[in-house]
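Colleague: Sequence:
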Amino acid sequence: MRIFSFFSDFLNRNRTKSRAIYGAIAIVAILMAIVLFGLISRFSKTDSTPIPIALVAPLSGEEAIAGEEMVHSVQMYLDTVNQKGGINGHPLKLLTFDDRADEKLAKQEAPAIVNSPAVVVLGHRSSALSEAGGKVYGAAHLPAITGTANTDPVTLNNPYYFRNTYTRSTLNTVLSVYAKLVLKLDTASVIQYEKYGKKLAQEFEAAFIKSGGTIKRKLTIDTEPKQQEQSIQAIVNELAADPNPGIVYFSLRGEEEAEKLLVAIKRRGLKLPIMLGQALAREDFAKRFEQYPEERQRPGFFSDGIYATSPLLFDSGGVDAQEFADTYQKRYGKIPSYVGTKYYEAAILATVAIRNANLQVTANSRDSDRQRVYAALKKINNRNVAPLGPTGPLYFNATRNSDQPVRVAQFQKRVFVSAPQQFETIFNPERVNVQRELQAGTIVQIGNVYFWRQNVVYTGIDINHINQVDPRKSSFTSDFYLWFRYPNGVDPTNIKFPGGTNLVSSQPLFTPDAPLETDTINGLNYRLYQIRGEFKTPFNLRDYPFDQQDLAIRFQNTTTPRDRLIYVIDTFGLRLHQSNTDTEKKLYQGLQLWKFNKLQYAQEVFRTTSTEGDPRLFGINNRVDYPGLSATVTVQRRSVLFLVKNLLPLFLLTLVPMATFYFPDKISKDRPPVAVAALISGTVLLVGVNNQLPEVGYTVALEYVFYVFFGLSLFAVAIAVVSDRLTLEGYKLSAKRLDYTARIVYVLIVVLTAIVYWVVFRERIS
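Here the sequence shown is numbered in numbering that gives the first Met the number 0, starting from 0 and rising by one per residue.
Simulated from the structure, these hints should not be mistaken for laboratory data. Careful: at least some of the hints might be erroneous.
Unchecked claim - With a Cα cut of at most 25 Å, we get these calculated PhoX-like pairs of lysine-lysine: (1) K179 <-> K209; (2) K103 <-> K179; (3) K83 <-> K103; (4) K179 <-> K217; (5) K270 <-> K259; (6) K286 <-> K412; (7) K286 <-> K270; (8) K134 <-> K495; (9) K106 <-> K197; (10) K194 <-> K134; (11) K198 <-> K106; (12) K134 <-> K270; (13) K329 <-> K594; (14) K217 <-> K259; (15) K270 <-> K215.
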């Protein structure tokens, strides 16, 4: 009682003083908030000094497009790291240097990179520049990572250079064996240009001859502009005169010369098996032909069927590869090539090394920090410690190179797609009877390394419609077409759909021997199926009702390991080379509570480490990957419709406790019961909303709104009790002021809650 009396007297008799005290309290509160914010900032960020990473690339000149892609990819990954707080509070800063694809300029630029504060350098794109700059980096003990320079001496002669791709010796050996065993060609004609092309040609010739092949002819494009057209025409004439020139290898780096050569060959009507050097293995090269009338009439006229190699083909890429490509395309407006992909991964490796190096990041610690990064890079040396990138596990072998396989592709309608057969490295030869498989032809030996012949199955999951999305059952129903195109001797139909059940009958969801259509087209077997079923999928409801859900249809092959068979996305069968956004949206218009967001295909890998009880497998690396494919539809809940339907009653209930602050004295005793009744009604409403959801072990976004309402109801009850007591003690003015303050606080809390939800979920409100 004395407390109420003191409080009321203080307010009624000392208004001027109380205002002064309120002002002082406000000032003290603001100062305390500033101090608290400063302390939080100080202890949450120990130091914001940036950690510099250098990137040297052709930012100008003929190869500027590739250099731009290198910068974009690296910066995209660094931005991701920085958005999460950097490394121990240190943001990563990119320093760019232009080598213009010129060896002399690379030598001149290298000292500037060494003298910069960078703790690691990424680059160069080409091998000659990497070798030239590497001498300077190595002498200064500055670690370097290249994602594309593949000549062996880059790392062989420099312990400070690391390579996140295969070596050129491996590449040339694979090309030679591929031509002989897959394309059945044991002769080759090599077309070279400039110093780079001559060196590349020598290495290819040596590998081709070593594999048992024969170099039939060696042709050179003249470097003099006036003589170039004439020399190209002479090359075409010589190829036309030979009925069997073998595989025609373009030992070129310049896209302009390769373009002129291809135009001359195709316009002559020659149908030659052509293999491009990796420098030309980019879809941007194929787009150079868009200007020609033949290409406008039939896209791919000049490039269809041409072979090339790449560390990554997106039609056989996993979820990480698809997400990288999707993010890059949204940010920069085009699909990245292997160049951007490999430098994105180089940035991952550099960041992991920096994170593990415990850098000091001071003005005097640059050299010691570089040594720490170098030591950390050397420790990323096996699959067990490898970070994941778009192409899979990233690590360096004993020679600081990558064990990544060479992927062989073909151009189709100016798009890169996987060739029908690949070579996949054997990582667990102890599981394999190598000699038996060699005799059977399922294994290929290249040097001291063994590879599986990996058969490619072009696969499509074409969704007709999705309906009955049921978060409570964590399921959805779908009708779709499934097809395979595959070579002889392969059985891709031994598959299962995890979590899928047949809606039509008690039969299995997928019956391999009941296709809708069977045929053989262009040398490949074709099987078409139609599937209708219900599919279980994990729902993430933390953001409910502003949630996005990934509705995944996936299958797996449980009998043939992935290194012998792989399902790749049928780019053209699914029309992924076209813009189908409007068509895709129409397929999901039946989902009234959901809005279509995107459709993503990805290669799936299902892994087992079981020894299956075989004593020979005890205590060894026994990992086996099985192939699969998935189609994932991302849908966004139509939150406005949901909120109007479910939260309008709650909004009206929110007005009830607030109304109690305006009750006259005659019915003041009814204020607590009214607020409690509103609280009980809100509880019933929450139970009704929760009945629409499965049991989850976390609080969803919608529940926080109810918790705020419950808090406001209890607040109204507490204010009513205190106000009533003040009135009974004769402090009516204090009670009125308390009610007035409570009204303001109540409204502020409601508005603040709405603002918080708007800020957090404004992009998902639809």
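Colleague: Indicate, hint by hint, whether the structure satisfies it.
Modeller: The hints, checked one at a time:
In summary, the hint linking K179 to K209 is supported, as the alpha carbons are separated by about 12 Å, within the 25 Å threshold. Restraint check for K103 and K179: the C-alpha separation of about 38 Å exceeds 25 Å, so the hint is violated. Proposed proximity of K83 and K103 is contradicted: the alpha carbons are some 39 Å apart, above 25 Å. Taken as a hint, the K179 and K217 pair is honoured in the structure, with Cα atoms around 19 Å apart against an allowance of 25 Å.
Between K270 and K259 the CA atoms are separated by roughly 16 Å; this keeps the pair inside 25 Å, and the hint holds. With a C-alpha separation of about 10 Å, the suggested pairing of K286 with K412 holds against the 25 Å cut-off. At most 25 Å may separate the alpha-carbon atoms for a hinted pair to count; K286 and K270 meet this at roughly 20 Å. A threshold of 25 Å between alpha carbons decides the hint, and for K134 with K495 the separation of about 54 Å lies outside it, so the pair is violated.
As the CA atoms of K106 and K197 are separated by approximately 22 Å, the hinted pair is consistent with the 25 Å bound. Taking the CA atoms of K194 and K134, the gap is near 20 Å; set against the 25 Å cutoff, the hint holds. Using a Cα cut-off of 25 Å, the hinted pair K198 and K106 holds, with the two alpha carbons roughly 20 Å apart. Distance restraint check for K134 and K270: the Cα-Cα separation of roughly 44 Å exceeds the 25 Å cut-off, and the hinted pair is therefore not satisfied.
Using a Cα cut-off of 25 Å, the hinted pair K329 and K594 holds, with the two alpha carbons roughly 19 Å apart. For the suggested pair K217 and K259, the alpha carbons sit about 18 Å apart, so the restraint of at most 25 Å is met. Between the alpha carbons of K270 and K215 the distance comes to roughly 17 Å, so the proposed pair stays at or under 25 Å and holds.
Against the hints set out earlier in the document, violations occur for numbers 2, 3, 8, 12.
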